[in-house]
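Colleague: Listed below, chain by chain, are the residues.
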Amino acid sequence: MDTKRLVIVAVGGQGNLLASSVLGEAALLAGVPMRMSEIHGMAQRGGVVESALIFGGAQSTIISDGEADVLMGFEPAETLRAIGKCNRRTVVITNLAPLMPFTVNIGQGVYPDLKQLQELIRAKAARLIAFNATALAREAGNVLSVNMVLLGALTQTGVLPLSADTVKSAMQRKTKQAFLEANLKAFDLGFAAAQTA
Amino acid sequence: MHKLLTDKPGDRMLLLGNEAIARGAVEAGVAFTSTYPGTPSSELSLNFFQMSKESDLYFEYCTNEKVAVEVAAAAAACGVRSMAVMKHVGLNVAADALMTLAYVGVKGGMVILTADDPAMFSSQNEQDNRYYAKISGLPMLEPSSVEEACRIVGDAFDISEQLQEPVLLRTTTRINHSSGVVTLGAIRARKTSGSFAKDPLNLVTVPAVSRKLHVKLLQNYAKAQALSESSPWNIVEGSGRWGIICNGVSYNYVKDAVAELKIADKVRILRIGFCHPLPIRRIQEFLKGCEKALVVEEGEPYLEEAAKTHAQEAGLTLPIRGKAPELFSRLYEYDPAMVRKHVAAFFGVAFTPPAAVDLSDVPPLPQRPPTLCAGCSHRATYYEVRKAAESLGLETVYPSDIGCYTLGLLPPLSMADYLICMGSSTGTAGGFSKACDRKVVSFIGDSTFFHSGIPGLINAVFNNHNLTLVILDNGTTAMTGHQPNPGVDMTQLKMEGYGRVSIESVVRGVGVAHVTVIKPYKVKKSIDAIKEALQFKGVSVIISQELCVLYASSLKLPRRKPFHVSEKCRNHRDCMTHLACPAFYVWDGRIKIDANLCTGCALCAQICPENAILPVKEGKK
Numbered sequence: 001m002d003t004k005r006l007v008i009v010a011v012g013g014q015g016n017l018l019a020s021s022v023l024g025e026a027a028l029l030a031g032v033p034m035r036m037s038e039i040h041g042m043a044q045r046g047g048v049v050e051s052a053l054i055f056g057g058a059q060s061t062i063i064s065d066g067e068a069d070v071l072m073g074f075e076p077a078e079t080l081r082a083i084g085k086c087n088r089r090t091v092v093i094t095n096l097a098p099l100m101p102f103t104v105n106i107g108q109g110v111y112p113d114l115k116q117l118q119e120l121i122r123a124k125a126a127r128l129i130a131f132n133a134t135a136l137a138r139e140a141g142n143v144l145s146v147n148m149v150l151l152g153a154l155t156q157t158g159v160l161p162l163s164a165d166t167v168k169s170a171m172q173r174k175t176k177q178a179f180l181e182a183n184l185k186a187f188d189l190g191f192a193a194a195q196t197a
Numbered sequence: 001m002h003k004l005l006t007d008k009p010g011d012r013m014l015l016l017g018n019e020a021i022a023r024g025a026v027e028a029g030v031a032f033t034s035t036y037p038g039t040p041s042s043e044l045s046l047n048f049f050q051m052s053k054e055s056d057l058y059f060e061y062c063t064n065e066k067v068a069v070e071v072a073a074a075a076a077a078c079g080v081r082s083m084a085v086m087k088h089v090g091l092n093v094a095a096d097a098l099m100t101l102a103y104v105g106v107k108g109g110m111v112i113l114t115a116d117d118p119a120m121f122s123s124q125n126e127q128d129n130r131y132y133a134k135i136s137g138l139p140m141l142e143p144s145s146v147e148e149a150c151r152i153v154g155d156a157f158d159i160s161e162q163l164q165e166p167v168l169l170r171t172t173t174r175i176n177h178s179s180g181v182v183t184l185g186a187i188r189a190r191k192t193s194g195s196f197a198k199d200p201l202n203l204v205t206v207p208a209v210s211r212k213l214h215v216k217l218l219q220n221y222a223k224a225q226a227l228s229e230s231s232p233w234n235i236v237e238g239s240g241r242w243g244i245i246c247n248g249v250s251y252n253y254v255k256d257a258v259a260e261l262k263i264a265d266k267v268r269i270l271r272i273g274f275c276h277p278l279p280i281r282r283i284q285e286f287l288k289g290c291e292k293a294l295v296v297e298e299g300e301p302y303l304e305e306a307a308k309t310h311a312q313e314a315g316l317t318l319p320i321r322g323k324a325p326e327l328f329s330r331l332y333e334y335d336p337a338m339v340r341k342h343v344a345a346f347f348g349v350a351f352t353p354p355a356a357v358d359l360s361d362v363p364p365l366p367q368r369p370p371t372l373c374a375g376c377s378h379r380a381t382y383y384e385v386r387k388a389a390e391s392l393g394l395e396t397v398y399p400s401d402i403g404c405y406t407l408g409l410l411p412p413l414s415m416a417d418y419l420i421c422m423g424s425s426t427g428t429a430g431g432f433s434k435a436c437d438r439k440v441v442s443f444i445g446d447s448t449f450f451h452s453g454i455p456g457l458i459n460a461v462f463n464n465h466n467l468t469l470v471i472l473d474n475g476t477t478a479m480t481g482h483q484p485n486p487g488v489d490m491t492q493l494k495m496e497g498y499g500r501v502s503i504e505s506v507v508r509g510v511g512v513a514h515v516t517v518i519k520p521y522k523v524k525k526s527i528d529a530i531k532e533a534l535q536f537k538g539v540s541v542i543i544s545q546e547l548c549v550l551y552a553s554s555l556k557l558p559r560r561k562p563f564h565v566s567e568k569c570r571n572h573r574d575c576m577t578h579l580a581c582p583a584f585y586v587w588d589g590r591i592k593i594d595a596n597l598c599t600g601c602a603l604c605a606q607i608c609p610e611n612a613i614l615p616v617k618e619g620k621k
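Protein chains in written order, with this note's numbering: chain A, 1 to 197; chain B, 1 to 621.
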């Protein structure tokens, strides 16, 4: 089986770890070998949370610079910060709704221009799928379902050997029942957004 | 039921490394578990804690790692299988117990887990704890994957019981925090109580006894050596003439590199999973078949030095390389591409990696370091101490300690000047007070105070140091995920049968003459009280009491109303300049407050020169 490497970057609290856990469950359901690793020591304190998910035969649980097949960012500046993980064949998916780092608020940095950010990524990667996932999450009825919107977009690209039905089954097992309806809607909205992006 | 108690051998589950180790321990019949929480090991003990609530597994959060090893050692002395869990630096704290426990040995199996942290994702150093096996003389095992981590625990218990010695189990962050699919095994029945047979001439380590016990340890060492020679955790793969010796996660990177470089027919790999004592004969046999050998191991050249030594003993002269300027570093963690590059270069294999993207036109991005949460009481205390010191015109030094509050290091708070280890705020404060003429104000959290802050405070009282210690008591061990500590009210967690230690009573009990308790959300009152404490000559202690906001929210305590910036704002920006709470954001050149993040602590409202920050009115959020 071809090895596929996915890097997910997010800001603490955006639900990256739940998204990883859904993909892990989906791989288990589909019988696809999967390993992953997470750096989440400071997740609750506004730091960056990075996950590496490796589907297929490889034994490593981390992804080196230049070796991601997909980079999925929950926050635009964090997507750009992780661009070193990509090569010319990488598919990049990013939410376009910024979360301002406090360093910007206290004058210690400038937030990148979103148009320039997209042009930079588009010039470096094979494909960029960029949209406001936060707005779609709100439309789905749960602003916290940004992670499920992005899972929908990721599934639509077909880079990973996981079907929409499998990912949805995994969502049923791994996400709270009370949010399931909104989550499934969020997934569909993300899937559709990637089709038109 | 807790998922790790599932009694369905053969089922497959996607588990975090720490969950896999906990499951492996349960399958091995562990009955007594103890810890002091520390990343990357924290979820392992959290799972023991959770399982102990719904089974007869015993678990306790201990004041520190030394105590965790001691309670587990006594359980093992009674024939009960025990496990003590800690991060790598925790073993430094437990080292005193470990060294002589190696002499005394155990009856029931005992496993001590040390979780090393190469690259220091959440630690103050990246020491390589394989050397603890060497210095103590104890066996050490080390898995390469999540699946192995589950299975290796059972072997560790069996070896411990066979040798009647504790066994060290070493992991690294990329084992603890990786996930993989684990096939469940059968759960062995727990033996939850044992018996103690008095045997002082073997268990009481006076010099005459210890001289005899050291002989026994060396005999055990020889037995452990034999086990290592035949251990299934030391694996040889392939039969080529290019040798690679590796361990832990480096083995995975080597395997992927060999596959991608398509050199499997040329390579032979020795993966060391039983890393102390090392399988000397196997290493020599392995090297005899190689024309050259590369050692791939994160951290110190532990295997490399052994390979070179034992090659020399066997009269072998092949090149053996590992740590070198052009090869591997002692620094940080390795990754698959780095290992592939060095393997290719060392054996002369041509390989062009996929071209990495050009980063030269990426603008500098604003940093996003972790920060104190919105409404964190530490922010209030830090602000108040700074204001109090400024108003008294004091030149200060702020020794800090290990916990969330270390994040006060960053601007605009900038309230940490010196930190070496758990508890060091109290000891170093005394040294600063004698060696420089600044006013010393040190900071320590409640859990760290219990862990190792108390001896430094007693030292300060006895030696009559001139310092102020601020104990940031947020009622939990916040940094590692809200574990209980001896000061926690366990009834809030709906748990019965626990005592509770009052920090104030401890501080008064050890003879501190000036003790103040403040509520940090009351800004003016706190600053006045802090000023008084700072002016006291001798040891003064300020206990700043306010529950961690995340913990309070997890307890479902009532939330305070959020605040907003009203039209009265004249854009002084004192709130942003001095506090930089993450609930603030800038919109159209003005400071705003995110009502979803604001916890209503009212710190900013109290320092606003225009009193422009007001509670959000009902229905206006």
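Bear in mind the hints are in silico, worked out from the structure with no lab data behind them.
Be a bit skeptical, because a hint or two may be false.
Cut-off 20 Å, straight-line C-alpha distance, at most; resulting in silico cross-link-like pairs (EDC-like, lysine to aspartate or glutamate) [said to hold, decoys possible]:
hint	chain 1	residue 1	chain 2	residue 2
1	A	Lys174	B	Asp358
2	A	Lys115	B	Asp335
3	B	Lys262	A	Asp2
4	A	Lys4	B	Glu260
5	B	Lys262	B	Glu285
6	B	Lys53	B	Asp96
7	A	Lys115	B	Glu610
8	B	Lys341	A	Asp65
9	A	Lys4	B	Asp335
Examples of chain A residues lying across from chain B (beta carbon under 7 Å, computed) [unchecked claim]:
hint	residue
10	Ile39
11	Gly46
12	Ala58
13	Pro98
14	Gln118
15	Arg122
16	Lys124
17	Ala126
18	Arg127
19	Gln177
20	Phe179
21	Phe191
Glycine included, C-beta positions come from ideal geometry on N, C-alpha and C.
Colleague: Run every hint past the structure and note whether it holds.
Modeller: For each hint, the structure was consulted:
no.	hint	in the structure
1	A:Lys174 to B:Asp358	violated, 38 Å
2	A:Lys115 to B:Asp335	violated, 33 Å
3	B:Lys262 to A:Asp2	holds, 15 Å
4	A:Lys4 to B:Glu260	holds, 14 Å
5	B:Lys262 to B:Glu285	violated, 25 Å
6	B:Lys53 to B:Asp96	violated, 31 Å
7	A:Lys115 to B:Glu610	violated, 38 Å
8	B:Lys341 to A:Asp65	holds, 13 Å
9	A:Lys4 to B:Asp335	holds, 16 Å
10	Ile39	holds, 6 Å
11	Gly46	holds, 5 Å
12	Ala58	holds, 5 Å
13	Pro98	violated, 10 Å
14	Gln118	violated, 13 Å
15	Arg122	violated, 12 Å
16	Lys124	holds, 4 Å
17	Ala126	violated, 11 Å
18	Arg127	violated, 14 Å
19	Gln177	violated, 17 Å
20	Phe179	violated, 17 Å
21	Phe191	violated, 23 Å
Hint compliance for this structure: hints 1, 2, 5, 6, 7, 13, 14, 15, 17, 18, 19, 20 and 21 are broken, all remaining hints hold.
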